[in-house]
Amino acid sequence: MPKDSEQLRATLLAYVETLRRAGRRSVRLRPGWRKGLPSLSIPQQEGVSESLSDARAPLPTAKAPFQEPTSEPASLPSSGSSEPTDQSESSRRLEALRQTTAGCRRCAHLAGFRSQVVFGVGNPHARLLFTGEAPGAEEDRQGEPFVGPAGKLLTRMIQAMGLQREDVYIANILKCRPDLPAGTPGNRKPTPEEMETCLPYLREQIAIIRPEVIVALGATALEGLTGLRKGISTLRGTFLDFQGTPLLPTFHPSYLLHKPDLRLKRQVWEDLLLVMERLNLPISERQRGYFLTKD
Numbered sequence: 001m002p003k004d005s006e007q008l009r010a011t012l013l014a015y016v017e018t019l020r021r022a023g024r025r026s027v028r029l030r031p032g033w034r035k036g037l038p039s040l041s042i043p044q045q046e047g048v049s050e051s052l053s054d055a056r057a058p059l060p061t062a063k064a065p066f067q068e069p070t071s072e073p074a075s076l077p078s079s080g081s082s083e084p085t086d087q088s089e090s091s092r093r094l095e096a097l098r099q100t101t102a103g104c105r106r107c108a109h110l111a112g113f114r115s116q117v118v119f120g121v122g123n124p125h126a127r128l129l130f131t132g133e134a135p136g137a138e139e140d141r142q143g144e145p146f147v148g149p150a151g152k153l154l155t156r157m158i159q160a161m162g163l164q165r166e167d168v169y170i171a172n173i174l175k176c177r178p179d180l181p182a183g184t185p186g187n188r189k190p191t192p193e194e195m196e197t198c199l200p201y202l203r204e205q206i207a208i209i210r211p212e213v214i215v216a217l218g219a220t221a222l223e224g225l226t227g228l229r230k231g232i233s234t235l236r237g238t239f240l241d242f243q244g245t246p247l248l249p250t251f252h253p254s255y256l257l258h259k260p261d262l263r264l265k266r267q268v269w270e271d272l273l274l275v276m277e278r279l280n281l282p283i284s285e286r287q288r289g290y291f292l293t294k295d
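Just so we're aligned, residue 1 is where the sequence shown starts under this note's numbering, counting upward by one.
Among these hints, one or two may not hold up.
Stated by the list, open to error - Okay, derived cross-link-like pairs now, DSSO-like style, lysine-lysine, Cα gap no bigger than 30 angstroms in a straight line:
#: 1; residue 1: LYS189; residue 2: LYS230
#: 2; residue 1: LYS189; residue 2: LYS152
#: 3; residue 1: LYS265; residue 2: LYS294
#: 4; residue 1: LYS152; residue 2: LYS294
#: 5; residue 1: LYS152; residue 2: LYS265
#: 6; residue 1: LYS230; residue 2: LYS259
#: 7; residue 1: LYS294; residue 2: LYS189
#: 8; residue 1: LYS259; residue 2: LYS294
#: 9; residue 1: LYS152; residue 2: LYS259
#: 10; residue 1: LYS259; residue 2: LYS189
#: 11; residue 1: LYS230; residue 2: LYS152
#: 12; residue 1: LYS230; residue 2: LYS265
Everything labelled a hint here was simulated from the structure, so no lab data went into it.
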């Protein structure tokens, strides 16, 4: 390719990247815009097309509330075009960040205790991101967040919204399991210092994924993200702000497991309904009635 054409192509791609980072979803190009330009070979996977759109596909309707579906949830329908550039670029950047965190020793006591770093899983271009506080024993063993009993409940909550676990992104404030004395069962709450040290990794994940809504699961996750030390009962049901992204606090799934109260389930579901409304997801009358009490 001639040098000037290569420079033009590089300039165009840099401009598209600037628009993407500014939140632009598409750019309209006038008919005949190629007239007078050198012949350029711009691969579709690099995201330069007539529309340059990264519009996400519509989302499916929900299954039963907080229950395993009777059939496999439908996957998101294809948009009919090749995967947009920023999706593949997001995957590349997340993988690079994953490799960075894998060798992290900022907290020597955590690095010496963990089995592995629990980075995060899900759609690299998810509209919705869930974050908890830290990995537990099972997460530390498998290297994936929310895979224990609380994780299974979170998966059912996601499915009740009409989504699959693969549609969202799931992470934690802390990437390492908090250390415990030898032979001590259970888990411990991460310290503010530990969360402050690890939070830049989650901030970078959020910057790469660009979710439209973040759900903070539990008071510790909320504290790690915002510094607020108020109970979830006080703040749930209200959108806060995290660096320009709407943030909704709600109860951690483990709290629902320890207190199987229908009213608590309804409160969490009302929070998820707010998220669905913010994302313009379809909500059926049946969904609106989940966990309603008779009194």
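Pair hint LYS265 and LYS294, alpha-carbon separation not exceeding 30 angstroms: 14 angstroms, holds
LYS189 paired with LYS152 [C-alpha distance capped at 30 angstroms]: The hint holds at about 20 angstroms.
Hinted pair LYS230 and LYS265, Cα distance within 30 angstroms: 20 angstroms, holds
Given pair status - LYS294, LYS259, alpha carbons within 30 angstroms: 19 angstroms, holds
Given pair status - LYS189, LYS259, alpha carbons within 30 angstroms: Roughly 19 angstroms between the alpha carbons, so the hint for LYS259 and LYS189 holds.
Pair hint outcome, LYS189 versus LYS230 [Cα-Cα no greater than 30 angstroms]: 15 angstroms, holds
Straight-line alpha-carbon gap LYS152 to LYS259, limit 30 angstroms: With a Cα-Cα distance of about 16 angstroms, the restraint between LYS152 and LYS259 holds, given a limit of 30 angstroms.
Hint consistency between LYS152 and LYS265 [alpha-carbon to alpha-carbon, up to 30 angstroms]: Holds, at about 15 angstroms.
LYS152 paired with LYS294 [C-alpha distance capped at 30 angstroms]: 28 angstroms, holds
30 angstroms limit on alpha-carbon distance, applied to hinted pair LYS230 and LYS152: 27 angstroms, holds
Distance restraint between LYS294 and LYS189, which requires alpha-carbon spacing of 30 angstroms or less: Roughly 36 angstroms between the alpha carbons, so the hint for LYS294 and LYS189 is violated.
Distance restraint between LYS230 and LYS259, which requires alpha-carbon spacing of 30 angstroms or less: Since the Cα atoms of LYS230 and LYS259 sit roughly 20 angstroms apart, the hinted pair holds (cutoff 30 angstroms).
Going through the hint list in order, the structure does not satisfy hint 7, though it satisfies all others.
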